[in-house]
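K.L.:
Now for the letters of each chain:
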Amino acid sequence: QSSEIRIAHIYSKTGPLEAYGKQTQTGFTMGLDYATGGTMMVNGKKLVVIEKDDQGKPDLGKSLLAAAYSDDKAALAVGPTASGVALAMLPVAEEYKKILIVEPAVADSITGDKWNKYIFRTGRNSSQDAISNAVAIDKAGVTVATLAQDNAFGRDGVKAFGTALKKAKLVHEEYLPPATTDFTAGAQRLIDKLKDQPGRKIIWIVWAGAGNPFKIVDLDLKRYGIEIATGGNILPAMAAYKNLPGMEGAAYYYFGIPKNPVNEAMVAAHYKQFKAPPDFFTAGGFSAAMAVVTALKKTGGDTGTNKLISTMEGMSFDTPKGKMTFRKEDHQAMQSMYHFKIKADPAFAWGVPELVHEIKPEEMDIPIKNKR
Amino acid sequence: MSTNLLTLEAVQTHIGAYHILHGVDLAVPRGQLTMLLGRNGAGKTTTLRTIMGLWHASQGRVRFGDKDITALQTPQIAGLGIAYVPENMGIFSDLTVKENMLLAARGAKNAGQIDDTRLKWIFKLFPAVEKFWNHPAGKLSGGQKQMLAVSRAIVEPRELLLIDEPSKGLAPVMINNMIDAFAELKASGVTILLVEQNINFAQRLGDTVAVMDNGRVVHSGSMAAFSADAQLQQSLLGLAL
Amino acid sequence: MFLKRLLSNDMPRSRLLALLLVVLFIALAFAPFIFPGVKALSVAAKVLVFVVLVASFDLLLGYTGIVSFAHTMFFGIGAYGIAISASRLGPNWGAVLLGLVASLAISLVLSFAIGLFSLRVRAIFFAMITLAVASAFQTLASQLSDFTGGEDGLTFKLPELISPSFEFSEEPFLGVSLDGRLLCYYLLFVAAVVLVLALLRIVHSPFGRVLQAIRENEFRAEAIGYRVVVYRTTAAVLSALFATLAGAMLAIWLRYNGPDTSLSFEIMIDVLLIVVIGGMGTIYGAAVGAVLFVVAQSYLQDLLRVGSEAASGLPWLAALLSPDRWLLWLGVLFVLSVYYFPTGIVGKLRARAAR
Amino acid sequence: MKFDFDWKPLLLAPILALVALPLTGSFSTWLTLTVAGLAMGMIIFIIASGLTLVFGLMDVLNFGHGVFIALGAFVASSVLGLMGDWTGSGELWRNLVAVFPAMLVAMAVAGAVGLAFERFIVRPVYGQHLKQILITMGGMIIGEELIKVIWGPAQIPLPLPEALRGSLFVADAAISKYRLLAVAVGVVVFGLLAWTLGRTKIGLLIRAGVQDREMVESLGYRIGRLFVGVFVVGSALAGLGGVMWGLFQQNLVPQMGAQVNVLIFIVIIIGGLGSTGGALIGALLVGLMTNYIGFLLPTLTQFASIFLMVAVLLWRPQGVYPVANR
Amino acid sequence: MLETLDLTIRFGGHVAVNGVSCAFAPGTLTAIVGPNGAGKTTYFNLISGQLKASAGTVSLDGQLLSGLSPSARTHAGLGRAFQLTNLFPNLTVLENVRLAVQATREGAHRRGLNLWSIWSDHKGLTERADQILSDVALKSREHATVASLPHGDQRKLEVALLMALEPKVFMFDEPTAGMNAAEAPVILDLIRKLKQDKTKTILLVEHKMDVVRELADRIIVLHNGTLVADGEPAEVIASPVVQEAYLGIAKEAA
Ligand SMILES: Nc1ncnc2c1ncn2[C@@H]1O[C@H](COP(=O)(O)OP(=O)(O)OP(=O)(O)O)[C@@H](O)[C@H]1O
Ligand SMILES: Nc1ncnc2c1ncn2[C@@H]1O[C@H](COP(=O)(O)OP(=O)(O)OP(=O)(O)O)[C@@H](O)[C@H]1O
Ligand SMILES: CC(C)C[C@H](N)C(=O)O
Ligand SMILES: [Mg+2]
Ligand SMILES: [Mg+2]
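Sequence order for the protein chains is A, B, C, D and E.
Numbering-wise, the numbering used here puts 50 at position 36 of the first sequence, and it's gapless, one number per residue.
Numbering-wise, the numbering used here puts 200 at position 76 of the second sequence, and it's gapless, one number per residue.
Numbering-wise, the numbering used here puts 406 at position 299 of the third sequence, and it's gapless, one number per residue.
Numbering-wise, the numbering used here puts 414 at position 304 of the fourth sequence, and it's gapless, one number per residue.
Numbering-wise, the numbering used here puts 1200 at position 106 of the fifth sequence, and it's gapless, one number per residue.
For reference, chain A alone in the conformation it holds in the complex (with noise of 0.2 angstroms):
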C-alpha cells in the first residue's frame, strides 16, 4: 500500500470553457483543504491531485484520463467541465474500472443512458436544472414559451421543464442555434405567440456561453405584459440580469443564498484569497473535493474501486450548497435548488437573485433515466 492517494483532476484548463475550469479548480482546491483540514492528508495517506488540460476536446479528455489511471496511477479522477468531453471518458472508466466523479458537465445522459457504475456526480444535472425551474414558476394561470439553445443542453432542459410542469401552460418552444447574435426573428416568433395569451407570460431562457438572449426585453416585452425567467448562471452573465429586476427562476449556487457552515467557510477562504465572492463552478468543485474526501474517510483510505462504489452509494457529504446524496440508481448527487427573485443593487455589477424558497430534492422528481 503505498502512501499517496492520486487524484486526477481533468478539465478545461483551457478551451471555451476555460473560465469555468478555473472555478472548478479553486473550488476543488479549497475543498480539499477544508475536508482535511488543511493537512492533505487521509488516514495517514496524502492526497496528491494531478491536474490535466483537455482543453475543451472529448479526444483529448479520453486520452488524458486513460493516462491518468494507467500512467499516473490515479485511484480516482474529477472533472471534465464540458459534457462532449464528459460522454467521451465514461468508457474509458468503465475500461479501467476506476471511479469518475463528474463535475461540473451537466449532460443527463452522462447519469442516463450512458452512464456505467464507475460514474458518480456531484454538478447538477440537466433535469435537476429545469425541474427546479419548472417548480419556480409553475402556478395555475401562467402561461410559458420557452427560449432555448438549439443543441442537447437546449432540447434536453426544455423537455425536463416541460415535463415538470403541472399547473401552467407551455405554448412554444424557441430553438436557436447557439451561435445567435441577433434575437429579434427569435424574440419576434415568442411575441406572436405570447402576446394574446391570458394571464400571466413567461418567457422561459435556458442559455449558456456566448451570445445574449436577455437583450430581446430591449423589445419591449412590457408592452405585452411578457416576463422573462431563467436559470441562474456566473456572475458575469448575471450582469445582464441587472436590467430584470424582479425575474424569478431557479439556480444551482449563489454565494449568498445557502445559509452553512461549509458555504461560509469558502465564502471567507475565497474572498480571503481573491477579494471576490466564489461562483458557481467554485462550489462544485468544492462539493466533489468533500464528495472524494467523505468517500476515502468512509473507507479508511482504500482505494479499492468496489469498496469505494459501495461506500459512494447513498452516501451523504456536506457541501457548500448544503447536504448531498449519490442517489443508489444512477449515482447522481440529490442537491438543492434555489428558487429566487432578482434585484438590482448598485453595489453589485450583477443582478442580485433573493431567496424566495429552497426546493429540496424532495420536492424534485428528478427522473432516473439509467438502466442498471
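Just so you know, the hints here were simulated from the structure itself, not pulled from any lab data.
Be aware that one or more of the hints could be misleading.
Among chain C residues calculated to face chain D with C-beta under 10 angstroms, some are [as the list claims (entries may be wrong)]: (1) V228; (2) M235; (3) I236; (4) A239; (5) L290; (6) Y292; (7) Y293; (8) L294; (9) F296; (10) M387; (11) G438; (12) S444; (13) Y446.
A quick note: this is a predicted structure, and the numbers were derived from the prediction, not measured.
From the three backbone atoms N, C-alpha and C, an ideal C-beta is built for every residue, glycine too.
Here the structure of chain A is known, so what remains is to put chains B, C, D and E with the ligands in place on it, guided by the hints.
P.N.:
Chains B, C, D and E with the ligands alone, transformed into the frame defined by chain A:
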C-alpha cells in the same frame, strides 16, 4: 556639372545565389540617347533594374548627376526624375488605361489634372491609348500594352528614361512613331538609356552605344563609329548590323 | 533499387532528410516498445493519422495549388462513417467496412461537386467558399444529433480484436502488454505506410506532373492539351478519399468521434501549418511536419510547465510561460515557422544538400 | 465613353424585403424584422469595413482581423468602465460623451497594434496567400491569448449606456435605439471610406501595388508606407467595429473575433473584393436574410449567409461590385 | 485544311474580329499582319479556343472545332505559341517540354491520366524533350527553372513547347519578339524546317517585315478586325492599305 547624367562604376549585382553583373562600367551622357545592346542573358535588364534600385548592387556605385543613388530605395530614385519601362511592361491590368496613366502622372490627383498638351501629344503618337482610355489595360493587345507602358513613362517630364525593349511587338508604323517620340524627347533635353534588340531602331536613334556580354560592358563608344565597324559588331553581337 | 521503386524514384536527396525519415519510421514502427505509456502511444497514433491526412492535403495544396478549407470535412466524414455505423450496427467488422465504404462514397460525391465548383470561381473565393461550406457542415453535424450525437459526439465499440480489453497473450512482451490496443496501433501503422506510399506514387506519376503544371499555369496546361477540369476534379476527389481514410483511422483509434474531434477549423489550420512546415509539394514534408507538430503540440504544455517553474522568480515571465497559455506559444510557433521555413523543412534540407 | 452605373445590385435588398413581406404574415412583424435586419447589416458592415481594405484592396487574407475586433471591444469595456457616471446617466448626450472616447481609444489601440501586426506578421508575406493565412492565424491566436492574459479568460459584461437601451416604436414595430446609433456610425464610416477610395488615388495605388509592387515603386510611390497606413486604418476600423459589436452583444469573450471571422469574409465576398458599396450591400443582405430566415425557418438560420453567398456567386462569380480583379 | 468561316467576336461594343473567313492549306506558311490591336492575337485565340466566338466556325480537315475546349482542339491537331510568354515558371525547362510532349502523345502515360506509373521512368518523353531543346538551343539550360531564364530564352522555350506538341497546325505569335538578332535565326530556321516538311500548316503573326517577306507563302492583313487583304507577299505588301495603315510610309511617299 558633369557631362554624364548617369554613371555606373564597377557595379556587381547578385540575384539570390547567382552572380549576374560582374562589374559594369557605364556612362550615360546628359541629353543623349544611349543604346545598351547585348545578347540574351547578357545582363541588360539586370543593369536597368540595378539602376532603379529594384536589385541592389553588392559592389560598385551608381551615380545620378552628382548624387550617389546606389543604396537608395526605388521610390526615392524614381523621385529624382527617372522613369522606367520594364521589360514586362509593368501594366496594371486590373486598372483602366486612364488609371494607369493617372498613377504615372504623379502631380495629378485625377485624370483631369494630367497635363493636357502632353496628353494630346501622346494620343497623337499612340492613338490606341486614347481609344481604349476607359478599358481595363489587361485587355489590350500586346502592342497596345507596350504603347501604354511607354506613354506612362512620358506623361510627365522626366530627366532620365530607362526603357527596356520598347519596340517588341510593335507594328512598323508604331515603331516609327516611337522613334519620333524619342527624338522629340531628346530634343527637349531628356536623357535616355534604351535597351533594344531592333537594330534599325538602334541605329536611327542612338548617340552612344554600350554593348554588354556576360555581366560586363565590353564596348562603349559613339553609335556612328559602332555602325561603321562591321567587324566589331560581328565580334560583339554575333552579327553585322 | 526496390526501395527506389517503392519510393517512386523520389529519393530524399539529402542525407540528413534520409536519416530523419529512417529515424521517424523506426520510431513509429516500434513506438509501443520504445515509448511506454498510454499517452505516448496516443501521440504516436495521432501522428500516424496526421501523416496520412496532411499528405492527402498536400496532394491538393502542394501539387494542385488548390486552397481548400473543406479538407477536414472529408476527414470528418471518414470518422463519422465508422462512428455512426459502429454505434448503429454494433462492434463487428461488417459495420466497420460498411462505414468505410459509405463514407468513401459520400466523400466521392461531395468532393466531385466541390471540385467542379472550384473551376467557376477564383482561387481565393474558392478558399473562402470552402471555409463557409466546412463551417456549415460542422453545424449540420451538430444539428443532426439523432444521427451524429450532436456536439457530444459518439462513443462506440469496435470488434474485440482491436479493443483494449482483448489480450492475445498473458505475458507482456518487452514490458508491453500484448492487447487489442497494440494490434490497433499496428493496423494504423500499416495503413499509414501503405497510404503514404500510394500518395507518393500518385504525385510522381504522369498525372502528378500534370497537377503541378496546372498549379503553375492552368491556362497554359489547358492550351497544351490537358483538360484542367478533369485533372483538378480527380485530384480533389483523390485527396478527399485519402482524407476520409485518415478519418476512419482516427475513429478506429479513438473509438469516439465528435465535431470538435474531426471537423474543427483548428484541425484544418494545423494541417495547413504542417504542410508548410514540412514543405509544400513534398509528401515527405507531410511526414516530417506531422511528427514534429503533433509531438510539439502534445508536449508543449509539459514543456511550458517546466519553463514556468524555472521562471518562477520572474512573475510576468512565469505568467506568459504558464501551461495555460500554451496556445500563445503555438501561435508563436506558427509565426516563426512561416518566417524560418519558407520552403519547409524538406525544402531547406534539400537545398542545403544541393549546395 | 459614357459611365454607366451598375444599379442591379442596389435592388437586391429591396427585392429581398419585398419577397419576405407576404411570407412573414403581419406588417408590423415584417417591419420589425426589416428594420432590425438593416440595422444589423449596418453593424456587420462596420465590423467588416476594415476587412474591405485589408482583404478586399490589399489582398491580405487576414485571418487575424477578428482579433482587432475583440481588442476594440475589450478596450472599450475598460474605457467605459472608467466612466461609469457617464454611462449610468440616463441622458443621451452624457452617454454619447462616454461612448465616443471609448471608440477613439479603441481605434487608437487597435490601430497601434495593427502597426505592429503589419510589421511583424504581415509584411513578410505580402502576395502569398497561404502564408498569410497561417501567419495571421498565428497572430490571431497570440492576440486572443494576450487578451486572456490582460482581461482574463472569463466573459466580461459590457452593458449598454442607459439612454441607448430600449426601443422606439413605429407602427407597433420595435426598433432598438442602439441600432439607430449603429446606423448613424455605419453611414459615417461608409461615407468616409467611399470618399477616400473613390475620390483619391489611394484606392488605385493599393490595387496597383498588389498587382505589381515594383512598378508602383518605380513610379515613385512609397507603397510600403501606404500599405502600413491602410493596414492601420483597417485595424482601427476593426477596433471601432469591435466597440459596436461588443455593445450590441453586451458581453465580451476573448473568442468573439474568431466567431465573426467567417461572417465578415462572406460579406466581403458577396460585395466583391475592394468595394465599399458592395460590402455595404453584402452586409445589409446578410442582416436581412438572417432575420427573415430566423423568423421563417429558424433551423436554417446558420446556413442563411452561406446560401446567400453561393447564390450571389452563381449570379456574379466575382461578387456584386468587384473592384479588384483577383 | 484549317478553315474559319465568318469568325467574329465582340467585346461589348467593340468588334475585335469581324467575320473573318479564311482557309489555310497544309504546306503553306501564311503570315498574318496588321496594326497593333488589329485582332491578330484574338483571331488566334478564337481558332485555338481560348476565346469563344460570338459567331462563325472553325474547322480542321472537315472536323468542326467550334465549341471544343482548348485542350480538345490541341488534341485535334492545333498548336500555338503565345505572344506574351506563358510558361510553367517554377518547373525546369526540361519538365516544361516533357509535359508538352506527354500531352498529345499516346502511350503508357496516356496523356497524364496515368496515376500509377513513375514519371521519370518514361524515357521516351525525356529523349524527345531533350531533342527539342537541342533544336532551340536551350539544352544547356535544361535544369534551370523557367523563372530565372532571361527573356530571350523564355521566348525560345515558348516555341519549344509548341514543337513538342507535334501539331498539324502551327500558330506562332511574334515568336522572335524581344529576341536578340543573333538568336532569332535559331527560331526562324526551325520554322523553315517545318515548311520543308510540306504537310504542316503554319500561321505566323510577325511585325518584322523582312522576316515576313522571306518566309511567307501568303500574307493576310487584318485591320480593325476585318480581313482587308489576302495574297502573294509582294502584292500584299505593295497594297496601299498595308503601306499606309501598317507600314506608315504611304503618306510620306505620296
Ligand atoms: N530571378 C533570377 N534568378 C536567377 N537568375 C536570373 C534571374 N533573373 C535573371 N537571371 C539571370 O541573369 C542573367 C542576365 O539576365 P538579364 O535578364 O539581365 O538579361 P538580358 O540581357 O536582359 O537578356 P534579354 O535580352 O533576353 O532580355 C541571365 O543569365 C539570367 O538567367
Ligand atoms: N478579352 C478582351 N476584352 C476586351 N477587349 C479585348 C479583349 N481581347 C482583345 N481585346 C481588344 O481587341 C483588339 C484586338 O486585340 P489583339 O490582341 O487581337 O490585337 P493584335 O492584332 O494581336 O495586336 P498586337 O499586334 O498589338 O499584338 C484590341 O483592341 C484589344 O483591346
Ligand atoms: C454548465 C456548463 C458546464 C455546461 C457545459 N456547457 C456542459 O456541456 O456541460
Ligand atoms: Mg532583358
Ligand atoms: Mg497580338
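K.L.:
Verify the interface restraint on Y446/C: the C-beta must sit less than 10 angstroms from at least one C-beta of chain D.
P.N.:
Nearest chain D Cβ about 6 angstroms off; hint holds.
K.L.:
Is the hint on Y293/C kept, meaning its closest Cβ partner in chain D is under 10 angstroms away?
P.N.:
Given a least distance of 33 angstroms, the restraint on Y293/C is violated.
K.L.:
Next item in the hint list is M387/C. Is there a CB on chain D closer than 10 angstroms to its CB?
P.N.:
holds (8 angstroms)
K.L.:
Regarding the hint that A239/C lies at the interface with chain D, is the smallest CB-CB distance below 10 angstroms?
P.N.:
holds (5 angstroms)
K.L.:
At a threshold of 10 angstroms, is the proposed contact between G438/C and chain D supported by beta-carbon distances?
P.N.:
Holds: closest Cβ of chain D sits about 3 angstroms from G438/C, inside 10 angstroms.
K.L.:
Holds or violated: is there a CB of chain D closer than 10 angstroms to the CB of F296/C?
P.N.:
It is violated, given that the least Cβ distance between F296/C and chain D is near 29 angstroms, above 10 angstroms.
K.L.:
Using Cβ atoms only, decide whether M235/C comes closer than 10 angstroms to chain D, and label the hint accordingly.
P.N.:
holds (5 angstroms)
K.L.:
Minimum Cβ distance from V228/C to chain D below 10 angstroms?
P.N.:
Hint on V228/C: holds, closest Cβ of chain D at ~5 angstroms, below 10 angstroms.
K.L.:
Close enough to count: is the Cβ of L290/C nearer than 10 angstroms to one in chain D?
P.N.:
violated (37 angstroms)
K.L.:
Verify the interface restraint on S444/C: the C-beta must sit less than 10 angstroms from at least one C-beta of chain D.
P.N.:
OK, holds: S444/C within 10 angstroms of chain D, min 8 angstroms.
K.L.:
Taking the closest Cβ pair, is L294/C under 10 angstroms from chain D?
P.N.:
Violated, about 32 angstroms.
K.L.:
Would the hint on Y292/C be counted as holding, given a Cβ-Cβ threshold of 10 angstroms to chain D?
P.N.:
Violated: closest Cβ of chain D sits about 31 angstroms from Y292/C, beyond 10 angstroms.
When each numbered hint is compared with the structure, violations occur for hints 5, 6, 7, 8 and 9.
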